[in-house]
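Visitor: Protein chains in written order, with our numbering: chain Y, 1 to 977; chain V, 978 to 1175.
Wrong hints could be hidden among the right ones.
What the hints assert, rightly or not - Covered stretches of chain Y, going by a simulated chain V footprint (3 or more residues, C-beta under 8 Å):
{"id": "1", "segment": "5 to 15"}
{"id": "2", "segment": "854 to 868"}
Unchecked claim - Computed spacing ranges between beta-carbons, pair by pair:
{"id": "3", "chain 1": "Y", "residue 1": "V384", "chain 2": "V", "residue 2": "A1004", "range": "35 to 43 Å"}
{"id": "4", "chain 1": "Y", "residue 1": "K670", "chain 2": "V", "residue 2": "Q998", "range": "24 to 32 Å"}
{"id": "5", "chain 1": "V", "residue 1": "Q998", "chain 2": "Y", "residue 2": "D899", "range": "51 to 59 Å"}
{"id": "6", "chain 1": "Y", "residue 1": "G460", "chain 2": "V", "residue 2": "Q998", "range": "39 to 47 Å"}
{"id": "7", "chain 1": "V", "residue 1": "Q998", "chain 2": "Y", "residue 2": "R876", "range": "42 to 50 Å"}
{"id": "8", "chain 1": "Y", "residue 1": "M880", "chain 2": "V", "residue 2": "Q998", "range": "38 to 46 Å"}
Claimed, not checked - With a straight-line Cα cutoff of 25 Å, these simulated DMTMM-like cross-link-like pairs (lysine to aspartate or glutamate) come out:
{"id": "9", "chain 1": "V", "residue 1": "K1163", "chain 2": "Y", "residue 2": "D546"}
{"id": "10", "chain 1": "Y", "residue 1": "K10", "chain 2": "V", "residue 2": "D1009"}
{"id": "11", "chain 1": "V", "residue 1": "K1163", "chain 2": "V", "residue 2": "E1133"}
Derived from the structure by calculation, the hints contain no laboratory data. Source: prediction; values computed, not measured. Idealized CB from N, CA, C, for every residue including glycine.
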Amino acid sequence: MTAERWAQLKDRFEAVLERAPAERSGFIERVCSGDDELRQELLRLLAGHEGAGSFLEGRDHSNDAPVFQVNEVVGRRFTVLRFVGRGGMGEVFEAADRDLGGHVAIKAVRPSLASDERFLRRLVQEIQLARKVTHPNVCRVFDLERHTGPSGEIVFLTMEFLDGETLSDRLRRNGPMNVSQALPLLRQLTAALDAAHAAGVIHRDFKSANVVLTGGASGETRAVVTDFGLARPVDTNPGDSITGTGHLIGTLAYMAPEQLEGNEATPASDIYALGVVLHEMLTGRRPAESPLPASQRDAIDPRWMQAIRRCLERDPSARFLSAGEVLHEVEKPVRLRPYRAIRWAALATLVLLAILTAWFFAGRLRSATASMTPGSSLLLTDVVNSTGDADLNALNELMRDQLSQSAHFNIWNRRNLPRVLERMGRHQGDEADAKVIREIALREGVPIAVFWTVTHPGDGYAINVRLEKPGMDSGRPEQHWDFTSAANTKSALFDSVRDSSRWIRLKVGEAAPEMASHDRAPQDITTSSWEALVAYMAAEKEKAADHPAEAIRMLDYALRLDPNFALAHMRLADIYMSMRRQEQGFQHWRTAIDESNRAHLSRKESLRIRGLYALDTEDLVAAETWFAAMSREYPFDYLAAFYLGAAQRMQGKLEAAIGTFQHAASLDPKQYYSYVELAKSYLTLKNLPEANIELGRIRALGEQTTADQFEGVARFLGSDAGLASAIFGRLLKSADPIAKSRGYLLLASLAAETGRSADAIAWLEVGLEYDRSRGDIPFQADKLINLAYLHLAAGARGKVRTEALDAVRLDSSPERLLKAGTLLARAGFLADASSMGRMTRQFPGVHKAEVASLRIDGEILAARHLFPQALDRLNRAAKMDQVSGYQEYLANAYAITGDGERAASYYQRIFDTPAVPWLNSAAEFPGIWTASLLKYATLERSLGHKDLADKLFVIYDDRTVKRESVLLAPSVPEPRL
Amino acid sequence: MGLPHGEITQLLARVRTGDQQANAQLAPLIYDELRRLAAYYIRGERPDHTLQATALVHEAYIKLVGQDIDWQSRAHFFAVAAQVMRRVLVDYARAAKADKRAGKLHRIPLESALVYAEEQSGELIALDEALERLGQWDPRQSRIVELRFFAGLSVEETAEVLGISTRTVKRDWSMARAWLYSELTKVAGNDCGTVGAT
Chain Y
1 MTAERWAQLK
11 DRFEAVLERA
21 PAERSGFIER
31 VCSGDDELRQ
41 ELLRLLAGHE
51 GAGSFLEGRD
61 HSNDAPVFQV
71 NEVVGRRFTV
81 LRFVGRGGMG
91 EVFEAADRDL
101 GGHVAIKAVR
111 PSLASDERFL
121 RRLVQEIQLA
131 RKVTHPNVCR
141 VFDLERHTGP
151 SGEIVFLTME
161 FLDGETLSDR
171 LRRNGPMNVS
181 QALPLLRQLT
191 AALDAAHAAG
201 VIHRDFKSAN
211 VVLTGGASGE
221 TRAVVTDFGL
231 ARPVDTNPGD
241 SITGTGHLIG
251 TLAYMAPEQL
261 EGNEATPASD
271 IYALGVVLHE
281 MLTGRRPAES
291 PLPASQRDAI
301 DPRWMQAIRR
311 CLERDPSARF
321 LSAGEVLHEV
331 EKPVRLRPYR
341 AIRWAALATL
351 VLLAILTAWF
361 FAGRLRSATA
371 SMTPGSSLLL
381 TDVVNSTGDA
391 DLNALNELMR
401 DQLSQSAHFN
411 IWNRRNLPRV
421 LERMGRHQGD
431 EADAKVIREI
441 ALREGVPIAV
451 FWTVTHPGDG
461 YAINVRLEKP
471 GMDSGRPEQH
481 WDFTSAANTK
491 SALFDSVRDS
501 SRWIRLKVGE
511 AAPEMASHDR
521 APQDITTSSW
531 EALVAYMAAE
541 KEKAADHPAE
551 AIRMLDYALR
561 LDPNFALAHM
571 RLADIYMSMR
581 RQEQGFQHWR
591 TAIDESNRAH
601 LSRKESLRIR
611 GLYALDTEDL
621 VAAETWFAAM
631 SREYPFDYLA
641 AFYLGAAQRM
651 QGKLEAAIGT
661 FQHAASLDPK
671 QYYSYVELAK
681 SYLTLKNLPE
691 ANIELGRIRA
701 LGEQTTADQF
711 EGVARFLGSD
721 AGLASAIFGR
731 LLKSADPIAK
741 SRGYLLLASL
751 AAETGRSADA
761 IAWLEVGLEY
771 DRSRGDIPFQ
781 ADKLINLAYL
791 HLAAGARGKV
801 RTEALDAVRL
811 DSSPERLLKA
821 GTLLARAGFL
831 ADASSMGRMT
841 RQFPGVHKAE
851 VASLRIDGEI
861 LAARHLFPQA
871 LDRLNRAAKM
881 DQVSGYQEYL
891 ANAYAITGDG
901 ERAASYYQRI
911 FDTPAVPWLN
921 SAAEFPGIWT
931 ASLLKYATLE
941 RSLGHKDLAD
951 KLFVIYDDRT
961 VKRESVLLAP
971 SVPEPRL
Chain V
978 MGLPHGEITQ
988 LLARVRTGDQ
998 QANAQLAPLI
1008 YDELRRLAAY
1018 YIRGERPDHT
1028 LQATALVHEA
1038 YIKLVGQDID
1048 WQSRAHFFAV
1058 AAQVMRRVLV
1068 DYARAAKADK
1078 RAGKLHRIPL
1088 ESALVYAEEQ
1098 SGELIALDEA
1108 LERLGQWDPR
1118 QSRIVELRFF
1128 AGLSVEETAE
1138 VLGISTRTVK
1148 RDWSMARAWL
1158 YSELTKVAGN
1168 DCGTVGAT
């Protein structure tokens, strides 16, 4: 058959069909005289046409006539009055009961279902169950009947006829309800569910479409729960049940996590569904559908939101014990529980998990190529080295660097491994054999896994690569592709790595030209010295084992072997920076950048380190440029997007930053950092509801202490210092020493911002002791500087000097020098301040150090009352400073010089952004917002703006009123909690 | 996280402007959704929700698009979804066949022609293969079958999606159906004079 032949056949066949049926075969005989083949084909088509019946189109019942006619008497008892509609199970009619009078609803079971024995048995059970529950808010079910009509036997169900519309239809028609409309309905729904639960019946499929609203006797709406069709008794032996255990029943959006996971439904599952319905009633949409606009969410009574949240708790035991408790919660006079972000993200993850599992068992797409959608991840396993030469384990680094040049795919992040293994019920130490890796790939949606070996046959070497597409069966791949590259010598293995990488990249669908532009040789992006490479790998191991000094030694050695080894410079820079030895850190960083100019680094790494250097030196405009370029070239790279957002947020471009972080989150939803940054952005914008959503996402990823830090901030911004204090207090109980140390810092800031500076000092001193006991240098420096600031405000000059100098001795980073220099100048220690200024000039080419130098000079000049010069320095600093933080130094300087109007305008900006010191505590002092508020208010009063000043003083008083609920600082250096 | 709402809508809008890349991104998204829904229903064993392709495609539409979009975009969605649905069903059919061979049987209650059925898995695979052949001679007929059978579109909707008259759809449909029927019902060894036997 050819297309031409088919077209000819089509032409003739259409002509055939235009004839009357009886004439068709005769017509064929006539037109095909001589062409026997055509005749045969047409006859066969005609036979097909006549025999096809409803072939391929038998599924649409919507236009079928209903099984019962109006006025037909069915079951010798019911007169059909009208056809109501068609449901999943069959057709519904309203009928009159001739024996007992009144109306009933008749549900005719679809013949195809009625002929299914198992289904009928289940239906009988449904009726038995539903009859156990007698309640005005539960639809009454009467009997299962049979009717023999002209088209055979029809099974039907009789039940209470409810004249009304479903809750779901009502919401669609009228939109969301307000609380006073919802409350009477909630009362009835909870009564219905509690009655069912008391009778041992779980609904299992509670949803707004299963609630009918009818007019009650006295005009009020009566809500009736229908369709206990999927319910079954609580205490049935799972083996006896018809549905069996482990089956997902119920409608997805209303289903509790445990149902989604295939576990037994309990009354708590119905409570969960009730939460979804409540959310729908108040907002018009289901929780998981799409985020609620903040304005709408804020309009809802917090008690209701709280009740909904509790219904939707992931853990069934955390939900209300009965439906009645939900009612109790919303009718409670005051809110007692802390406001908590809803964990929509957790829900989404769960749904996804259930789906993945289902998908895992159900099979998946098979296609003939290894081609991956752009942006997918590739799982690179460790090389199996059977050469006996441990040096060759360094091939792992070479291959990873080689493959990570691709803009087409990401390499699956190994940091996810513990999480995945845990979810799989395996231990971290377990050997990840091929079977486990395939399963990981399937679960993580990684389309291709790379397995590879290096062998040493005879004199030469060989790299053997196998690409696997995991399938349903983890015992073997669905498909695989092999590649081998031989090398005569050990150093020729560099070329083999490159060949293998190129083969992999092309195989997974990267276009050759695209690859060519990002394909530097392994020698160029790492080193050509095996020995240096081995030292580098050893350093990585030391670093991972938290032995930074050893790591530095190994890297120094690697650099002696190959001074152009840019990657080694970068690692050194990283390690020095993490040790807060910024001077060395920046130096190695710059060397790495210089080397990358000579092509000793991949394009991607080169962009990344330039961007990071700019970001860390606070040259934010440059950082934004580099990361924007990196995002363009590597559109699927999470870090490129994330850092671009960071550069935007730090500059105060919050709208842009939010968009960028959302994009980053879409690239890798499991990284909680994006949500942290989003939360910070929303907090800065004073958009607490959105911030709370992000905090929920952070919590859903298990980062409770991180979420606590920002939730405390959110509570403080929401004027609930007591709650903020309780939340920060939780950090002190954390097992994570960093979180604990931060807890002290945050409690001190909270105390300072609420006007309790003695408490603030006490918290810092206790925290300082804790840091000292752990030898944690950077955190000690933070606390010392903050103490110096509080002591300056308290007039304890001597302490200011000791603390500021101690802080700098521990950590002489530019930001620390700036704070110390500022405090020393303001306390009158001008020589010390000058030496801080000199130290900032030891960071040549470091943007933030240049800003710091100008600012310290300005503070010193102001202290000497050389106001024009001081203002000149400070204004120059402000112009250079790209970080959108407080410009308290300008406010302060203008206030000193007597330019009250200008000073006020700077203070006003501080007043408008209360979140700033909490989000960048390294740059701001504790209590700075409240202290600035007081100065602002005083200034406005002296400027004669009495109304504004009064208003500001009221706010100040409100903020600084001592509350009993606030966690008080311990008087002894042992936290009392 | 779930799919960002509006992503599909945006892609559909880009497709309208002739963006080929958007087209390529569309199918995997729809595929994922359909596969999820299908997997869910297959495990679900619900009496009132047998896996009905039409319902699935519409459910996917509501989940992925969930809002009013212009009819061209809507048509394009269904055009892609039909192809994808075909893949999903055939994949299941293959998997079911494999399970059967492996002795794993989990029967699923069925009601009408187009529900997922293990008993029908052979038929579905045969249909897929026949459709493949038909597509080589007459791509339009093959597309029409896809849209009508796998996405459950009416004659009118199919005409809209393909930008042809309903009359043409009806004519093509009649012939394609007649041929597919005879292909799928022919008894091995008794198919003298078959059309398209290779």
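Visitor: Against this structure, judge whether each hint is valid.
Guide: Evaluation of the provided hints:
1. Given a C-beta distance limit of less than 8 Å, the hint that chain V covers the segment 5 to 15 of chain Y holds, as 7 residues qualify and 3 suffice.
2. For the segment 854 to 868 of chain Y, the proposed coverage by chain V is not satisfied: 0 residues have a C-beta within less than 8 Å of a C-beta in that chain, short of the threshold of three.
3. Restraint check, V384 (chain Y) to A1004 (chain V): a C-beta distance of roughly 36 Å satisfies the suggested window 35 to 43 Å.
4. Look at K670 (chain Y) against Q998 (chain V): about 26 Å separates their beta carbons, and that is inside 24 to 32 Å.
5. Checked against the given bound of 51 to 59 Å, the beta carbons of Q998 (chain V) and D899 (chain Y), roughly 57 Å apart, stay inside it.
6. Range check, G460 (chain Y) to Q998 (chain V): about 43 Å between beta-carbon atoms, so the 39 to 47 Å window is met.
7. The hinted window of 42 to 50 Å between Q998 (chain V) and R876 (chain Y) holds, with their beta carbons roughly 47 Å apart.
8. At about 42 Å, the beta-carbon gap between M880 (chain Y) and Q998 (chain V) stays in the expected band of 38 to 46 Å.
9. Proposed proximity of K1163 (chain V) and D546 (chain Y) is contradicted: the alpha carbons are some 72 Å apart, above 25 Å.
10. Restraint check: the Cα-Cα separation between K10 (chain Y) and D1009 (chain V) comes to about 37 Å, which exceeds 25 Å; the hinted pair is violated.
11. For the proposed pair K1163 (chain V) and E1133 (chain V), the alpha carbon gap of about 31 Å is over 25 Å, so the pair is violated.
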